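Visitor: Since the structure of chain A is provided, determine the placement of chain B on it from the hints.
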Amino acid sequence: MNPKPSIEKLRWMYECMSLIRQFEERLKWLVETGLPIGAAHYYIGQEAVAAGVCAELAPDDWIASNHRGHGHCIAKGVDVAPMMAELFGKVTGTNRGKGGSMHITDVTKGILGVNPIVGASVSHALGAALSAKVRKTRQVAVAFFGEGGAGIGITHECMNMAAIWKLPIIFVCENNGYAQATPVEYASSILAISDRAAGYNMPGITVNGQDVVAVWEAAEPAVKRARAGEGPTLIEAKTYRYFGHHQGDDTLRYRLKEEEQAARDRDCLKQFRAEMEKNGPLRITDLDAIDAQHKILIDNAVEFARSSPLPEPYDLYTDVYVATKRGVE
Amino acid sequence: MTTPIRELTFGQAINEALRLEMRRDPAVIVIGEDVAGAAGRAHLGLVDAWGGPMRATRGLIQEFGAERVIDTPIAEMGFVGMAVGAAMTGLRPVVEIMFVDLIGVCYDQIINQAAKMHYMMGGKVEVPMVIRTAFGTRGDKRSYGGGAAAQHSQTLSAVLAHIPGLKVVVPSTAYNAKGLTAAAIRDNGPVIVMEHKFLGFSAKGHVPEEAYSTPIGRCEIVRKGRDVTLVGIGRMTHVCLEAAALLATDNIEAEVVDVLTINPLDEETIIRSVKRTHRCVVVDEDTPVCSMGRDIAARVGDAAFDFLDAPVKAVTAADTPVPFAAVLEAHYTPNAEKVVAVVKEQIG
Numbered sequence: 514m515n516p517k518p519s520i521e522k523l524r525w526m527y528e529c530m531s532l533i534r535q536f537e538e539r540l541k542w543l544v545e546t547g548l549p550i551g552a553a554h555y556y557i558g559q560e561a562v563a564a565g566v567c568a569e570l571a572p573d574d575w576i577a578s579n580h581r582g583h584g585h586c587i588a589k590g591v592d593v594a595p596m597m598a599e600l601f602g603k604v605t606g607t608n609r610g611k612g613g614s615m616h617i618t619d620v621t622k623g624i625l626g627v628n629p630i631v632g633a634s635v636s637h638a639l640g641a642a643l644s645a646k647v648r649k650t651r652q653v654a655v656a657f658f659g660e661g662g663a664g665i666g667i668t669h670e671c672m673n674m675a676a677i678w679k680l681p682i683i684f685v686c687e688n689n690g691y692a693q694a695t696p697v698e699y700a701s702s703i704l705a706i707s708d709r710a711a712g713y714n715m716p717g718i719t720v721n722g723q724d725v726v727a728v729w730e731a732a733e734p735a736v737k738r739a740r741a742g743e744g745p746t747l748i749e750a751k752t753y754r755y756f757g758h759h760q761g762d763d764t765l766r767y768r769l770k771e772e773e774q775a776a777r778d779r780d781c782l783k784q785f786r787a788e789m790e791k792n793g794p795l796r797i798t799d800l801d802a803i804d805a806q807h808k809i810l811i812d813n814a815v816e817f818a819r820s821s822p823l824p825e826p827y828d829l830y831t832d833v834y835v836a837t838k839r840g841v842e
Numbered sequence: 007m008t009t010p011i012r013e014l015t016f017g018q019a020i021n022e023a024l025r026l027e028m029r030r031d032p033a034v035i036v037i038g039e040d041v042a043g044a045a046g047r048a049h050l051g052l053v054d055a056w057g058g059p060m061r062a063t064r065g066l067i068q069e070f071g072a073e074r075v076i077d078t079p080i081a082e083m084g085f086v087g088m089a090v091g092a093a094m095t096g097l098r099p100v101v102e103i104m105f106v107d108l109i110g111v112c113y114d115q116i117i118n119q120a121a122k123m124h125y126m127m128g129g130k131v132e133v134p135m136v137i138r139t140a141f142g143t144r145g146d147k148r149s150y151g152g153g154a155a156a157q158h159s160q161t162l163s164a165v166l167a168h169i170p171g172l173k174v175v176v177p178s179t180a181y182n183a184k185g186l187t188a189a190a191i192r193d194n195g196p197v198i199v200m201e202h203k204f205l206g207f208s209a210k211g212h213v214p215e216e217a218y219s220t221p222i223g224r225c226e227i228v229r230k231g232r233d234v235t236l237v238g239i240g241r242m243t244h245v246c247l248e249a250a251a252l253l254a255t256d257n258i259e260a261e262v263v264d265v266l267t268i269n270p271l272d273e274e275t276i277i278r279s280v281k282r283t284h285r286c287v288v289v290d291e292d293t294p295v296c297s298m299g300r301d302i303a304a305r306v307g308d309a310a311f312d313f314l315d316a317p318v319k320a321v322t323a324a325d326t327p328v329p330f331a332a333v334l335e336a337h338y339t340p341n342a343e344k345v346v347a348v349v350k351e352q353i354g
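Residue numbers (the working numbering), protein chains in the order written: chain A, 514 to 842; chain B, 7 to 354.
Isolated chain A, as found in the complex:
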């Protein structure tokens, strides 16, 4: 019998999903009302994956994320205020205004980067796992990538190396069905990405990525296995992004309204609330209180971002090289 999540864990996972949803919805509104942001890839719809996996991670465990990374950052504990400030290009941002949406990261929270070069960050998680093994810590690493990232060579190289060296890593493939406008059934020769695990002699499992408990139930043994030195696991979480690849992408040019509606009907927050209402142990009033707190948190984050200073022109030249704070003279 697999363990069930404790009430504290359930509460944590709801808090996490709710905060991500509110952050992303506010950001989307800000972008639509004129915040200049370059590209923003909203995580709305996929919250259960970040929450279900990160619920099992310790603060000093590592994750590496992809272009759709705001949710992973929040799930790993990054404050929403410096995140919002980063998206406003402010010097108080997580990356001092040098990263923006596609690099938003706080390494002190165990995030090796939100990385828009598809597949690249999978190898950084592998490196963190190697580092944990060599330094003999008990840290584990998680690589988040999409079903698009499952197809690039580096992901395969990394799965092979993780398996031959039994590194403490969990590969989490968030299969949201689309690599930009390319459907997974076109780009993948197999139905379940997790079938590929067999090719690397590691366990593979496909779960409903819109059900946070199902994600957690897959993550819990995978993290345990990694921490015990037994090697990697591949988890495929089937999920859905409600909006375009990035803002301004018209999804109805490549998918049908009915499919979008069906995914929204399975919404992770909606499902979670329905389940709690029916069987507990959390009460709906608790969940509403969490949502209300998050609204204040996001209001404050936006206020912090708005009132923060912009970088100075000379900041352009700082941190190109480690030892040189004003660039190479």
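In short, the hints are calculated from the structure, not lab data. In this text, all values refer to a predicted model and were calculated from it rather than measured experimentally. The beta carbon of each residue, even a glycine, is placed where N, CA and C say it ideally should be. Just to be clear, a hint being listed does not mean it is correct.
What the hints assert, rightly or not - Simulated crosslink set (DSBU-like; lysine-lysine; CA at most 30 Å straight-line):
1. K281/B <-> K130/B
2. K522/A <-> K603/A
3. K281/B <-> K319/B
4. K130/B <-> K622/A
5. K541/A <-> K130/B
6. K737/A <-> K679/A
7. K622/A <-> K603/A
8. K344/B <-> K646/A
9. K230/B <-> K130/B
10. K517/A <-> K622/A
11. K622/A <-> K808/A
12. K350/B <-> K319/B
13. K737/A <-> K649/A
14. K649/A <-> K130/B
15. K646/A <-> K737/A
16. K541/A <-> K770/A
17. K808/A <-> K130/B
18. K603/A <-> K130/B
As the list claims (entries may be wrong) - Partner residues aside, some chain A positions facing chain B, computed with beta carbon under 7 Å:
19. N515
20. I630
21. V631
22. H637
23. R648
Guide: Just chain B, lined up with the frame of chain A:
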């Protein structure tokens, strides 16, 4: 009684630098294809079968074990990225990319990941990693060519030096190979060490036994002269010295500057030299378009224009792929005669 001078080859000097740095700091690990060889065969009594193209990593596994000397599958994209992740999380990986020609398969990890993490994250993470890679042609028609042709002989230093955030060093002697390798490992950011294949077994010289480092970002004047400044990179420094010796027979005294670090470049030493000699020829083994050779020439032209008695020249490889036949390779690669001809043209 005098102690005999201890000599090592270029490859042995790099090996010693790696060994000493690994002893100094348990966070230093070595990663690459066949950095040891015979991986996993210790139970058959087979270890340390290879050691890289110039045997620079041979013997390390015997002292430091397979946990710190990691043979990888053929997966440059994956293991260079793994090194980036390891460097961000407490290790100091030294990665070997067997030949610089192979950077094509892992270029993203070098130019987008290793080079930019520190900047993109607002200085909050450091990526202390080294990439060692072999490069270059022999180009000597009196003996034989390198014979490795278009995909195993390139220089490609320009496409690395081009990237802000990367430091790129090109040692030329056993002494500075040891010092620059140590400096690269101790640096808190990513450093590429470009090791010329045909210095590997041949450039023999005095190397002190103790650990030392050669500063990154400094040129060295290796021959004094008043008539022309020859600027050499890697093996081309030896070509410059050879040219200087030939020019001396015609009473032309060439000063030779060994660049050693192509990025960040020590412009000051080069420009100061040119202001004294009033002429400059840069010798670069890379192909000419967007090369370090032309870049240095442009910087000299910009900063020392009023001091010049002749246009600054760059002697580079031909603007072609590297050919196989020795006779063609000799045409491809800069040599002392080509340098002498350019200097004589400048002096008129």
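Visitor: Please go over all the hints and tell whether each is borne out by the structure.
Guide: Going through the hints against the structure:
| no. | hint | result |
| --- | --- | --- |
| 1 | K281/B <-> K130/B | 41 Å, violated |
| 2 | K522/A <-> K603/A | 34 Å, violated |
| 3 | K281/B <-> K319/B | 15 Å, holds |
| 4 | K130/B <-> K622/A | 11 Å, holds |
| 5 | K541/A <-> K130/B | 27 Å, holds |
| 6 | K737/A <-> K679/A | 13 Å, holds |
| 7 | K622/A <-> K603/A | 20 Å, holds |
| 8 | K344/B <-> K646/A | 53 Å, violated |
| 9 | K230/B <-> K130/B | 44 Å, violated |
| 10 | K517/A <-> K622/A | 26 Å, holds |
| 11 | K622/A <-> K808/A | 23 Å, holds |
| 12 | K350/B <-> K319/B | 12 Å, holds |
| 13 | K737/A <-> K649/A | 16 Å, holds |
| 14 | K649/A <-> K130/B | 24 Å, holds |
| 15 | K646/A <-> K737/A | 15 Å, holds |
| 16 | K541/A <-> K770/A | 20 Å, holds |
| 17 | K808/A <-> K130/B | 29 Å, holds |
| 18 | K603/A <-> K130/B | 16 Å, holds |
| 19 | N515 | 31 Å, violated |
| 20 | I630 | 5 Å, holds |
| 21 | V631 | 10 Å, violated |
| 22 | H637 | 3 Å, holds |
| 23 | R648 | 6 Å, holds |
The structure fails to meet hints 1, 2, 8, 9, 19, 21 from the earlier list, while all remaining hints are met.
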